[in-house]
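There are 2 protein chains.
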Amino acid sequence: MYELIIVGAGPAGLTAGLYAGRYGLSTLILEKAVVGGQIILSEKIENFPGFPAGIETNALIEKMRKQVENVGVKILMQEVVKIEFDNTLKKVFSPEEVFFAKAVIVASGASARNLGVKGEDKFIGRGISYCATCDGPLFKNKEICVVGGGDRALEEAIFLSRYAKKVYIIHRRSEFRGSHILEEEAKRSKKINFVLDSVVEEIMGEDRVSTVKIKNVKTHASTSLNCEGVFIFVGIQPNTTFLKTTLNLDKDGFIITDENLKTSAEGIFAAGDCRAAILRQVVTACGDGAIAAHSAHQYIAPYK
Amino acid sequence: MYELIIVGAGPAGLTAGLYAGRYGLSTLILEKAVVGGQIILSEKIENFPGFPAGIETNALIEKMRKQVENVGVKILMQEVVKIEFDNTLKKVFSPEEVFFAKAVIVASGASARNLGVKGEDKFIGRGISYCATCDGPLFKNKEICVVGGGDRALEEAIFLSRYAKKVYIIHRRSEFRGSHILEEEAKRSKKINFVLDSVVEEIMGEDRVSTVKIKNVKTHASTSLNCEGVFIFVGIQPNTTFLKTTLNLDKDGFIITDENLKTSAEGIFAAGDCRAAILRQVVTACGDGAIAAHSAHQYIAPYK
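Protein chains in written order, with my numbering: chain A, 1 to 304; chain B, 1 to 304.
A pair holds if it fits inside one copy or across any two, identical chains being indistinguishable in the list.
In silico DSBU-like pairs for lysine-lysine, Cα to Cα no more than 30 Å straight-line: (1) Lys102 - Lys187; (2) Lys218 - Lys166; (3) Lys187 - Lys74; (4) Lys63 - Lys187; (5) Lys66 - Lys187; (6) Lys251 - Lys262; (7) Lys66 - Lys44.
These are computed hints drawn from the structure, not numbers from a lab.
Just so it is clear, the structure is predicted and the values come from calculations on it, not from any experiment.
Sequences and hints are given; from them, build the entire structure.
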């Protein structure tokens, strides 16, 4: 029996663990895949306050992990597949075990969203990737496409231009949302080409990707682009399928909370990318983690 | 004319500046006193994620300042005394100048709250302090009191025990809110003594503090404690008097926002300690800063 179980060891879960440990709560963090979550799919982070030269995401996460362990909070590598609860007891199920706690913080993060076009399923791992850091080096001197128009797509296109001969950014609009600084950097690169107002219709090839079929949404003209890699960054989907019917989620599956990060279930809180919010950044996930731990602490040990 | 003016250069204002700079917004930060805000009144911070050994607050703020300047955002040392606005233009007044902007983020922070007892005004700077880092070394080998029961009071009592011969923590309750880890550390110290269920009634002395009159709230017994220093950490009050009649504030003067950090005035946002919120930490202030900059960016340059 723990006082608090935290589901997920990304920046939100780790910061919640840091605060919970400092509050003196007996706390367990459960992580299904890898400490750090989505952010470690990027190589470097430049907008986390306190690191003026930027920092490798692995290094930042390692620091956070150490900080959590310093306050006596354990991270266990098990996937949470179900949560059951009543007002006094929460049961957190992994395929191997059941854990008990007074309160739970869900910080289960999010994953890359699929593009949902023909050929996508077929070529995953054979030219299609959702992780530039993981797969970028495989495309040395090759021509590749990046699909998306947010910060993530721009960042990864810049990163991929180190390896690739040519990078096409395919974006369905003519303007970019997000950071001007990234757009400018991408525009300065001689390797990066912009294919704007365009959507991918199909990803084609024999054994591996060889061609991407593109439609211009303004002219409705279809063209084909030869490329050996397609990197897809078109948003995220929350890792909340294990919560269906348990907590109130929004239409996209993100957990609905109040400003103190309480969910629809008493004693269950949510933090970070899995939560319905306007902005999802490492620093906002960390802020969430602190608030969720505070709310959980208040719930577990209300100040008399 | 700027696109964005940020009032205050604490962690919230600096993170807002970092994000605004990366968004490519022409941004000015105005700071009345000192870059860093309240947090630099503490010596070290242990619960900011990414620094497992803790970090001196001055060093952390210096890193944040550098990071903001790296993205081309300027910090100007001027106090904001008034904001006037209509839907399209914000006028930000210092005693010397008027600045114009499309949007404003108020990140003006908070200050130590007074205890409000007899003798407090008289002995400020003559034994009474609201800043352990500033004044602790002056009380080497002396007996001092710390008033308060939150994290800040405990942290500062621990810090002050390096210098003082004896530290009394006077707290109106028998239990401590906040971090167990700090309470345990204070209890382990041979120099720290707890005076619980007790309130300060009067601070007395000739030229300087010599005695504190204390009442036990359970027994109603009054006692006197000889001490040469009184450090007061009984909460904060928001630096929002310049906003009165301008924005909706709560009864304690904190700025009311929605979850996207919009205030009651269109194009004015709030972040950090000056905002009505359940928890006020450096990491939550930074999270606020990112969200406020995002909302300001959306307001200034909506994505078409």
